[in-house]
Each structure stands twice: as C-alpha cells, then as structure tokens.
Amino acid sequence: MCGYDLEDKALSDKDYNWFVKADLSKYKGEYVIIRGKKVVLHGRKLTKLLSEFRRKYPTDVPKIARIPEEETLVL
Amino acid sequence: MITFKYKKEKSDLLGTIYRPVAEVGFKDKDGNLLVSFMYIDSGADITLIPRALGESLGLQFDEKEIEEIKGVGAATVPIIIRKMWLKLGKHEFEARIAWALEENVPPLLGRLDIFNRFEVRFKEKEKVVQFMPAKL
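Sequences listed follow chains A and G, in order.
One point on numbering: in our numbering, the residue at position 45 of the first sequence is 45, and numbering is uninterrupted.
One point on numbering: in our numbering, the residue at position 68 of the second sequence is 1068, and numbering is uninterrupted.
Treat each hint with caution, since some may be false.
[Said to hold, decoys possible] Residues on chain G that point at chain A, a partial pick, calculated with CB under 10 Å: (1) PHE1004; (2) TYR1006; (3) GLU1023; (4) PHE1037; (5) ILE1046; (6) PRO1050; (7) SER1056; (8) GLN1060; (9) THR1076; (10) PRO1078; (11) GLU1102; (12) PRO1106; (13) ASN1116; (14) ALA1134; (15) LYS1135.
Derived from the structure by calculation, the hints contain no laboratory data.
Note that the Cβ used here is the ideal one computed from N, Cα and C, for glycine as well.
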C-alpha cells in the first residue's frame, strides 16, 4: 500500500509524520486530503474531494483526516 | 511493531491536548485503497467512522439495519455495523466497524476485532502508542 509495508510504517511515512505535527486548525470541521506533506484538498464534501483527488492524482492513495472542531472531546 | 504518535490539538475546554492518531488503510467497494488518520480510542468498544467516510467507501444500508449507540452522554448516534477490510502497518484483517449515519463524530479506532490482535501499549509520557502483534 503506497510503500507502507514496513513493519514500523507510522514512523516511516512522511505524510503521517507531517500530519501529526501540523497545525490544521484552520480547517476545523472539514476533511483534508494530504499528499506530499501538504493539504492538497479540503472541504466538507468528502466524496467530492476524493473524486477530485483521483482525477488529479490517479495513481496515489488518498490520505484523509477530519479536523475536529475545538469543542470536540474524544470520549 | 507499529508505532503511532500523538497529535497536538486545541480544545475549547481543555486547552492544548494530545491525541493518539493511527494510520488505517481501507478499501472501497472497487478495491481502491484509502488511508484515514483516526484517533486511537481504547475506551471505544468499536471502530467508528463518520457518514461521509462510509459513503466514500461505497457503504450502503437498509433502514432496517440501523442501530443506535450511546456514548458517555445521553445522545444517541444511528449506526450500521459492517465488517470491513482494514490495514494497520503490514497487518491486514477484517473488523466490524460502526458506520455513523451522521457527520458529527470523529473517526475512532476502537477495540472490537482489532485490539485482540495486538498488545496495545499507550506510552503517554513519550506520546506514542505501540501495537505489537499478539498470538491469535
């Protein structure tokens, strides 16, 4: 999967490592799609974002995150 | 061993908060791969995905399948239970997940069908979570 077959992949994946450090609060309440250590698409309609991603980057695996609102608590 | 990290976030109530984030592979109905960054929630009975993520994976449902789950509070969330292919690190397996029929839930990696496959160690001080394969 997109070069993820390393045993300790989370430490080896550049987009994951970028994501956990990035301040993406300006996208709160939205989905983001990450590629090449940056947000390439964002918005509230995930299906639309994925269609656009697959049109622009047909061979890439989309890496998505939903950025929480600041009032969100994970319980 | 798979090692995941914590992400620093802001909370209205708690100020700065660190949450553990997993990188989870899914396949849609056509077999296309999609990676979702999800909070690791050892208190969640089952993995939970919001409506749009399920729709993007091609999930469909019949009204008769709708169940309701409750979190800590009184509010209920309508969900559909589905068995899905997941990938954590190089480990591929099927797990039951709850597809929320609403959008206002965070994607959560819960315990059912997943934590039994690993010894999961939260190293809060180091801000990492380790998933070590368990003997099944």
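Status of the hints after comparison with the structure:
1. PHE1004: This interface hint holds because 5 Å falls under the 10 Å limit.
2. TYR1006: holds (7 Å)
3. GLU1023: holds (5 Å)
4. PHE1037: holds (4 Å)
5. ILE1046: Constraint on G:ILE1046 not satisfied, violated at 14 Å.
6. PRO1050: holds (6 Å)
7. SER1056: For G:SER1056, the interface hint holds, since the closest Cβ of chain A sits about 5 Å away, which is under 10 Å.
8. GLN1060: Because about 13 Å separates G:GLN1060 from the closest Cβ in chain A, which is outside the 10 Å limit, the hint is violated.
9. THR1076: Since the shortest Cβ distance to chain A is 14 Å, the answer is violated.
10. PRO1078: violated (18 Å)
11. GLU1102: At about 13 Å, which exceeds the 10 Å cut-off, the nearest Cβ of chain A leaves the hint on G:GLU1102 violated.
12. PRO1106: holds (6 Å)
13. ASN1116: Hint on G:ASN1116: violated, closest Cβ of chain A at ~20 Å, above 10 Å.
14. ALA1134: With Cβ-Cβ at 15 Å, over 10 Å, it is violated.
15. LYS1135: Check failed: Cβ of G:LYS1135 comes no nearer than 17 Å to chain A, outside 10 Å.
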